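> Listed here are the chains, written in short residue letters.
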Amino acid sequence: MDCTILQSGSRPFEDWYQKELSDDGRLTLDSLLKVNHKTKDHLQWMGFRGFLKGKAREHRIWELGYKADGRQYRVFGIFGSVRKRAIVLAGCYHKMGNYYPPNAINAACEMARKVKEGKVMFLERKIKSDL
Amino acid sequence: MSERSRVISKLIKDRASREAYIGAKLKVLIPSQIRALRLRSNTPRQEDLANAAAMKQSRISAMETPGTVNFNLETLVRIASALKVGLTVKFVSFSEMLEWENGFSQDEFNPVTIDNDAEFARQQMAPAARRESEIIDAEIVEASASEAGTLPKSLLMWLVMPQETPAQAFLEPMQKLLEGGGRQAYIAPTPACTETQRIGGAYAAVCGNAR
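Chains A and B are the protein sequences, given in the same order.
Note that my numbering numbers the first sequence so that position 48 is 48, with each residue one more than the last.
Note that my numbering numbers the second sequence so that position 189 is 189, with each residue one more than the last.
It is worth saying that the hints were derived from the structure and are not from the lab.
Because the structure is a prediction, the values reported are computed rather than measured.
Treat the hints with care, since some could be wrong.
Some chain B residues close to chain A (C-beta under 7 Å, calculated; not the full set) [what the hints assert, rightly or not]:
hint	residue
1	R4
2	V28
3	P31
4	P66
5	G67
6	T68
7	D107
Even glycine gets a Cβ: it sits at the ideal position worked out from N, Cα and C.
Given these sequences and hints, build the entire structure.
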């Protein structure tokens, strides 16, 4: 798991990570990514909840889940064309069967489509050296 | 100021930040260790671990989901005992904690369970030999059955054999070795030389030489 997406104008993951997540949520996610990036089998990633169904199914978007500061957080991503690269698309929290922000899955699908079309730039996250 | 410097500065100044930082690491690393241990055990299903720990499967599942369970010591002790491993909880520097996290890999995390713990097994198997090892400056060696006859005569011996090795194949050479040294040789009481004991995937026997 090596990178996140940066795209001018729309950065659903980075915006969520920087503005919406609490310290606890951010630190836990950092730690989660750090552990998972060393785990070869994605089925054994901590918090791996499988692939989304419905509209997101065609993009093979996976979902990570974890809890911090009393909230159930969800992070959506896809596997990149480069082997062992995971691309984080969007994040949100989950409550009573709903995602907040409610368009999180749509945003993830949109980003996945842009990735496929080569319309985004990647911002690599240096997980190993993160605090 | 870089992101890294900002975080460090915050950690130094603010107790709540330190609390969140420590909590975040443990929220991920404890579940990850439990999962790694469970998957490497002989009974890798959550249900099996739940039975061994006298818990519900749903609780094991929650424990393996980062941040979902606030672990207390009692729970950790119960899980450790069910998984047949030990547990250490120690206060360390932040840099040591970070080093632990950076070095941790779920794929490689594999502490030895008590039934495969050679040190514990040796202690259990050869009380007499252990006493001797305190008196004489004993060495401990590993050897195959065919090598037993070539070993020095005053050794405290620790033989590890493939599981299928018949006991005769190494008990006789060991007895000859011990008895032929001019010293009073003895075979440690059971469960030692006269009785092999399975340790993990091998048979082991321990004998001692008395002065």
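> Could you check the structure against the hints above and give me the numbers of any it violates, in ascending order?
Hints that this structure does not satisfy do not exist here, as all of them hold.
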